[in-house]
Amino acid sequence: MDIWDKSLLLIQLRRHLESERTVDWQTLHKRDRSWALAQPEQSAWRLLHGWLQQWGGSPVGSSTLLVYGGCVAALVFGFALMAGLLVFQPFQRINLLWFLSLAVLLPFAWWLLALFFTTAQVPFPLRTLYEHRLPSGSFPAALRSLLKQTVIALGQQLSLLFSIGMLIAFLLYLLMTDLAFGWSSTLDLGGGVIHQVTSTLAWPWRTLWPAAVPSLELIEQTHYFRAAPLAAEQPALFGQWWRFLLMCLLVYVLLPRLFTTALARFRLIRMHDRVCDNDALISGLRQRLTTGLIDQEMEAVDQREAVDAVSETESLTRRYGQIVCWGLWPDELIGPLREQLVGEGSDAVWIELDSGTSADEVQTSFAELPDEPLLLLCKGWEPPTGELADLCQLLGQQRSRLFLWPVPLSGMDEARQSRLIQSWQPFMRQIPDRFHLVSGRVPDGVVHA
Amino acid sequence: MPDYPVMAVVGHPNKGKSSVVAALTQNDQVQISPLSGTTRVAQHFTLKLDNRTVFELVDTPGFQRAGKCLAWLNAQELAADQRPARVAEFVEAFCGSGQFVDEVELLTPIIRGAGIIYVVDGSLPYSPEYETEMEILRWTGRPRLALINPIGGDTYVAQWQQALNQYFSLVRLFDPLHASFDQHLQLLRTFGELDAHQGQGFAQAIEQLERYRQLKLQQAARILVENLYRLLTYQQSSNRLEQAAQAQLPRLLSDEITRFNQHLNRMEREGQQQLEALFLYRRLESDIGQLEVHQSELMDESQWTLWGLEKNQLVLVSAGAGAAIGLLADVGLGGASLLTGAISGGVLGGLSGWFGLDWLKQQLPPWLQFSAEKHLLGPVKDPNFAFVILGRALSHARAMLSRSHADRERLTIREDGLNRMQSLELKTQVRLLKQCRQLVKQGPQGQAAERLRDWLYLQLVG
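Protein chains in written order, with this note's numbering: chain A, 1 to 449; chain B, 1 to 462.
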């Protein structure tokens, strides 16, 4: 997959993932990981591309035709420009000043301008214009820097091909035709000025290739005038400029482009990696595709619905003939309570039962006692259990008036206490109707009222 | 018997067994009720890595008739080695009979090989009645761990510890509503200690969970930075403000600022929801206040664009065009003009662009769709806005990360959390402000974003 496809892929991925921004991560991970596990071994980019294709993303190479078409066009334009410069010879001479301006200085100035927009943080008119022409919402703002880098790299590549086209044309014409270079100007510039300019331009290669540095003699001998006869004593001299011009093309047109193209491609590749690693949505997708799915699976079962039942509650009175204490209570809790309920002056019977007491024992102990109101004391801080429900069923058969009192734990805050007592409300539905729920703390005057 | 560890969470009714399961499986869809007896059948929760079960928790109903169950078990005189078989016999005898429904449900996974996590409430007093349940569990012969859950306080924790030590080889205090992720892992390590054969399975699960958590925190940092970028660069354009009469402006502007604030809040909430979705909070409601910016804090300007280019860009283009034409003239003169044409063309193009565009704007026909006059509100120019956003985002993320999946209350964001940014070292504050400014310029792929992500990750981990 080439770098243009990668840029396009990242933009399309981001656009697709925007719609899944707040979808439950686990659901996405499950979907993406199971898809990834079903895929053959392949590169990360292919995997991302394959993933997008599920949702109708464009196939690999969709940008290739456009980019390669642009590249061919740039090459042809470069070739055509150079061919035009070399073929158009109004006075059988190619004017060096024209040639240098159009084939060297103009591309070099364009390169400098592009370099300025590439490196300086100033608005890039072409990119802005390009973004403006995109349909609304089609470009993710978070990838603005990726778009900038892609446009820069593409621009550099097209310019490089343009330069290569120019160079190819120059070499072909050099080889196939007889090129005669000279210089001419209406102003009386003189060979000295031109020599100064060409020497400055040839400074980078003067030690490497001295033959490509034009001498003053060559400059003076190739000076021509429109009004003067075209006859020349040494026609070969007019062809000697080619070394200098070739080096100009290489050093001021091709090499800078080559360097900036390589740099732009390197930066674009790095940008791709950055987007993959840092973009919240794309890196999230990569993570989901490549890391094992940790999933909490919950078995579907039909649990009991919490019934928010409300039973009428009664206050504690002293009219209980029998008091049954259910369960094993700490002495410090049950002692004072017993003292208050069946203390001096009370004729109520106190019976202690727990889960170890059998049904027969319960029936026997109650058969001997009269049918009087019975108060069943339970720990209000513990939830009711099935064993208590069984006891209530037994007592319901023995007595006509029954009271169930979940005794609150002293010191517990009211809110907690009321939450615990809530569990007793639905419990009243499981036991005989003869039971009445008693609520509240032990009133001080209950015994002595 | 499965080749992965299975733990049955058992105990008296309403002691927080389901909360323990919800916290350990990070699943906020586990049914938790303040009323007792809502768990009727054993429910299996498996933790899977790529469809391979790493461990399983079984949420069971509470003991309802422990005394009678123990009495049945004790009905025969048995040597200690025969007791597990007797428990299995009990399950077989009453399975489907309608009797001991809860006991059968909770003992079934244990006789099939599950380890035992016995949950008690540390805020309520110990009672010898619990010994019946513990005795039944001892009969099963399975590895046992007791968890003291301080649902409403730790008043009786010491009392419980003394009692539980006699029945369980490992006793731990674990608050499912407030336990941190590290405490969850610590508990899983304890499960591993409980059964040496299954230790490897838990060690693997812990390693995977830790790595998974780390990746998610990194992802969270990315989301926070991206959301920060979106909020800091948000700009709202309006055509109607530009076209409105002077008298209507104050009312319209106030409407536009309200719309701006609504959009900011929507974007912020979207970022929060993205984090909640990442950490699997499906039912979260937070009490964080609304973001509000005022007109004085907003960039407020009119902008005219042609084909999407602003005036400065158009001037640049005009200057470039002028320079190009001038250069052609220079070339025409064979370079003798020494680029005078290009320079003067550029200057002329630039000047005519600068002065002429306002005139051109009036001359363009209204149907020209590429020309637009807009009133822009935002982005927020107050540099402290970045701090406000960061502070709010971090407070929400921290509150969410420290919240257990067993917690069903609203997410409470503490006020002091919002001011936490102000309490950072001055040097850090300056650095962060600088990075936020750079973030706006470079975008979320720049170096400033990278540094902010690193800083946020450390904040989330810490």
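None of these hints come from the bench; they were simulated from the model. Quick caveat: nothing in here was measured; it's all calculated off a predicted structure. Beta carbons are placed, not taken as given, at the ideal position from N, Cα and C, and that holds for glycine. Don't take each hint at face value.
[What the hints assert, rightly or not] Derived, one-sided and incomplete: chain B residues facing chain A with beta-carbon distance under 8 Å:
1) Asn27
2) Lys48
3) Gly152
4) Asp154
5) Gln200
6) Gln204
7) Ile206
8) Gln208
9) Glu270
10) Gln273
11) Ala277
12) Gly446
[Claimed, not checked] Lysine-lysine pairs mimicking DSSO-like chemistry, simulated, CA-CA at most 27 Å apart:
13) A:Lys148 to B:Lys434
14) B:Lys441 to A:Lys148
15) B:Lys311 to B:Lys381
16) A:Lys148 to B:Lys311
17) B:Lys361 to B:Lys427
18) B:Lys427 to B:Lys441
19) B:Lys381 to A:Lys148
Now the hints, each set against the structure:
1. Asn27: Hint on Asn27 of chain B: holds, closest Cβ of chain A at ~5 Å, below 8 Å.
2. Lys48: 5 Å, holds
3. Gly152: Since chain A brings a Cβ to about 5 Å from Gly152 of chain B, closer than 8 Å, the hint holds.
4. Asp154: Where the cut-off is 8 Å and the nearest Cβ of chain A is about 14 Å from Asp154 of chain B, the hint is violated.
5. Gln200: 17 Å, violated
6. Gln204: 11 Å, violated
7. Ile206: Cβ of Ile206 of chain B sits 11 Å from chain A, so the hint is violated.
8. Gln208: 6 Å, holds
9. Glu270: 6 Å, holds
10. Gln273: 4 Å, holds
11. Ala277: Because about 5 Å separates Ala277 of chain B from the closest Cβ in chain A, which is inside the 8 Å limit, the hint holds.
12. Gly446: Cβ of Gly446 of chain B sits 7 Å from chain A, so the hint holds.
13. A:Lys148 to B:Lys434: The given pair, whose Cα atoms are some 23 Å apart, holds under the 27 Å limit.
14. B:Lys441 to A:Lys148: 13 Å, holds
15. B:Lys311 to B:Lys381: 21 Å, holds
16. A:Lys148 to B:Lys311: 20 Å, holds
17. B:Lys361 to B:Lys427: Answer violated: Lys361 of chain B to Lys427 of chain B is near 48 Å, above 27 Å.
18. B:Lys427 to B:Lys441: Between Lys427 of chain B and Lys441 of chain B the Cα gap is close to 22 Å, so the pair holds against 27 Å.
19. B:Lys381 to A:Lys148: 25 Å, holds
Comparing the model with each numbered hint stated earlier shows that hints 4, 5, 6, 7, 17 do not hold.
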